[in-house]
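Sequence lines, in order, name chains A and B. The first sequence begins at 1 in full-length UniProt numbering and counts up by one. The second sequence begins at 1 in full-length UniProt numbering and counts up by one.
Keep in mind the hints are simulated off the structure, nothing from the lab. Treat each hint with caution, since some may be false.
Where chains are identical, the list cannot tell them apart; a pair therefore holds if satisfied intra-copy or between any two copies.
As the list claims (entries may be wrong) - Okay, derived cross-link-like pairs now, SDA-like style, lysine to any residue, Cα gap no bigger than 25 Å in a straight line: (1) 25 to 37; (2) 25 to 148; (3) 25 to 65; (4) 25 to 52; (5) 25 to 117; (6) 25 to 61; (7) 25 to 36; (8) 25 to 51; (9) 25 to 39; (10) 25 to 67.
For reference, the chains in residue letters:
2 protein chains.
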Amino acid sequence: MAESARPQRRMRLRDVADEVGVSAKTVSNAYRAPGQLTPELRQRILATAARLGYAGPDPVAAGLRRGRVGAIGVLYANQLSYAFDDPNTNALLAGVTAAAETAGVGLLLLPGSVDPVRRATAVTGAVVDGIIASSLAEDDPLLQTVVDRRLPLVVVDQPGPSVLATLTPDAVPWIGIDDRAAAFELAEHLVLLGHRRLGVVSFALRLGTPTGFATLSDQDSATLSVTKNRLAGYRDAAARHGIDWGSVPVSQGVDSTPSEGRRGALAVLGTRPRPTALICLSDRLAEGALAAAAHLGLRVPEDLAVVGFDDAPHLAERLDLTTVRQPSRLKGHHAAEALLALTRGAAADPVPHLETTLVVRGTTGPPPSDR
Amino acid sequence: MAESARPQRRMRLRDVADEVGVSAKTVSNAYRAPGQLTPELRQRILATAARLGYAGPDPVAAGLRRGRVGAIGVLYANQLSYAFDDPNTNALLAGVTAAAETAGVGLLLLPGSVDPVRRATAVTGAVVDGIIASSLAEDDPLLQTVVDRRLPLVVVDQPGPSVLATLTPDAVPWIGIDDRAAAFELAEHLVLLGHRRLGVVSFALRLGTPTGFATLSDQDSATLSVTKNRLAGYRDAAARHGIDWGSVPVSQGVDSTPSEGRRGALAVLGTRPRPTALICLSDRLAEGALAAAAHLGLRVPEDLAVVGFDDAPHLAERLDLTTVRQPSRLKGHHAAEALLALTRGAAADPVPHLETTLVVRGTTGPPPSDR
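Only chain A is shown next, with the shape it has when bound in the complex (with noise of 0.2 Å):
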C-alpha cells in the first residue's frame, strides 16, 4: 500500500509542460493565474496534469517563494492532547479557530512533549506565519526560543507583559485577564459570607514542582504568573479582613484537573482547624475538590464552601459552582486576531484586560457557625 500511495517519481511541473508543448511558466499560471490563458488551453493543461499524475504546484515551494505559508500556530505548555480535554482550553482553541478560519488560514497546532528538546524542536521547525504562546512559565527556556524565531508572536494569559519586555525589544501583544482583581473579588465574596478558616486548592507555582503545601515563599516566587497573580488575589482579600494568609493551606498540584482538584482538597481539609472554604484555582480543580467533600461526608455548601475559576463551558453550571467568568473564547479570538494583523505586516491593536464576572451559584453560603 506505501508504494501505490506514493508514486514512485513525483511529476514536476516541467513534465507537463513538456507534454503539452507550453512554457513552466504556461502551466504556472493554470494554476496561479487563470486568467492569462483561454479556457481551452487551461483544461487542456489541467487535464493533462491530472492525467500524468501531477499533483499541483508545490505548496511548501510556494509558501518559501511567497514568504507565508497560510497557517499560525499555537503553542501551549502541557500535552496538546490535554488541552482537548479542559474545556477552557478548548473553547480558548474554538475562539482561536473561529477568527484564523474566517481568514482562511489553517491552525497548526505544535505538539508539546516533556522533552525540551523536542520541544524546542517543535518550535524552530513549525511551518507557520505567526506564533500564539499560551500559559508558559516565565522561566520556560521555549519562550526565548519562539523569540528567537522573530515570526510575529502573541502571548496569551502568561507570562505577563513585564516578563515579555525582558526577552525582546519588540512589542509582544499580549491578550489575558487581570487575574489578581478577580481573584480578590472571589475570595471576598466568601469572606463577605463570614468564611475566616480558608484553604486553597492551586495547579503548579512553577514548572516541575512537586505537590505539596506552597510556603508564602514559594508563593512570592511562583514563575507562572496566572498561579501567581490568583494567590495574591485571595491574599489581598484575606489582608483587607485581617485574615492571616500565612496559616492559609496552599496545596500545590501539577495540572488542573479532577484528580488533581481531589488530591488537593483532601490534603487541605486534613489540616486543624479545618477549613470551612475551598478556593479552588480552576473549575476542573473545583470539580474534583466536590468530590472530596463527598467523600468525606461533607454537605456543600452547609459544611463546606466551594468556588472555582473559569466559568468553564457547560462544567460550572453543571456542578452549581460558584467561580469567576472568564472569556476564554474571546481571548483566544482576540490573540489570533492581533497575530493576523501583524502577519500582514499591520499594527496589532492593544487589547485591554478582558472583563471577568463573579458568578455565583449554589456552592457557596455562610459557614457552619454563622447558620
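Using the hints, position chain B against chain A.
Same frame as chain A, but now just chain B:
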C-alpha cells in the same frame, strides 16, 4: 509595533558565516549537526547569530529540502470552530493529537469555508506531510482535490471505502464504525420495548439541502454515507418487526446541534399519530429533542422515549441518554497512526470496523400504552 515585530532585513545564514569568518556549511552544522564542531566554535556561532538577530535555518526551506514538514493536516467537513463545540469531534481531534504528539508531529487544522474555492485552496495550499479527511460527502468536490494532492491520505467515517476506490487506485486507509449495524441495534431496542410509532431527527442527508422531511427516495440517494447508513439501520430494524418505514417521519437538519435537534423534534412531534419514540442521529440532536419534549410538556421516558448516537463525552451521561457508544477518540488515534505510517513510507495496518456498544440509560422505556 508592526515594524519592530519584523526586522526590516531578515538576517541570513550567510551573514552569520561572514561575521564569524567560517563557511555557510559550518554555520548550518552548528544547528543541524552540532557534533561536527567544537563546542567553543558552535557557541561562538550561536552567540553571533543571536547578536545579529539570525533566527536559525528557515523551516520552510528545510521542509522543502527534506520533503517533510513535520505536520499532518486534518480536513473536516464543517467549519472548524464548530468542531470544537461538538464533544464527539473534539474527542476525535484529541485522539489524532495524542498520536501525532507522541510522534513529535504537529496538527494543522485546515480552515473550512462555505466558499468552495477557498475550501479547495486550503487543501491545495496546506503545508503538510499527509491529510486526514473526516466526514466528507460522497459528492463533495473537495474529495477529488484531496486525492489530487497525492499526499498520504486517511479517511475517517465518510465517504466509505467503496467510494474512495472510485476516486483513486491507491488503497486509502479508512477508519470508522459499522453505522448501519449500530443503528439497527438502537432502533431494535425501542421496538422491543414496545414502540411502534417512531420518528427520526436527522442531520443532513447531502450537502446544501434545506431542512424538511426526507422522503424514502431522499434517504436512498443520500450522499453523506454516515447519515445514509444510520437511516438504513433504523429502517432494517423497522422492517424486521413489521413497521412501515414509509410512515416514519424523518426530519432533516443542517447540522448536529441542539438547536437543530429541537427544531427537528418539534417537526416530528407535530405529526399525527404522534411518535412515542424519537431516534436522533446524534447525542447533540437528542439534547435539543429533550428540550423540545420539555417544551411540549412531554415526560421522558413516560410519554416519549428518546435515543441519541455517539455516547458523546460528558454529554450523554449528563442527559442520562440511551445511545450508541462509538470510540471517537480511538478513531482519531487509529487515523493518525495509519497516516504517520504512510508518511514514513510504511504500509498502514488495516483497521477493522471499530466496536460500538448500546448504552441503555433513563431516556428509554415502554410506550405510554404499555404502561
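Going through the hints against the structure:
no.: 1; hint: 25 to 37; result: within (11 Å within a copy, 43 Å between copies)
no.: 2; hint: 25 to 148; result: between (37 Å within a copy, 21 Å between copies)
no.: 3; hint: 25 to 65; result: both (15 Å within a copy, 22 Å between copies)
no.: 4; hint: 25 to 52; result: within (18 Å within a copy, 37 Å between copies)
no.: 5; hint: 25 to 117; result: between (42 Å within a copy, 22 Å between copies)
no.: 6; hint: 25 to 61; result: both (15 Å within a copy, 22 Å between copies)
no.: 7; hint: 25 to 36; result: within (11 Å within a copy, 41 Å between copies)
no.: 8; hint: 25 to 51; result: within (20 Å within a copy, 41 Å between copies)
no.: 9; hint: 25 to 39; result: within (16 Å within a copy, 47 Å between copies)
no.: 10; hint: 25 to 67; result: both (20 Å within a copy, 23 Å between copies)
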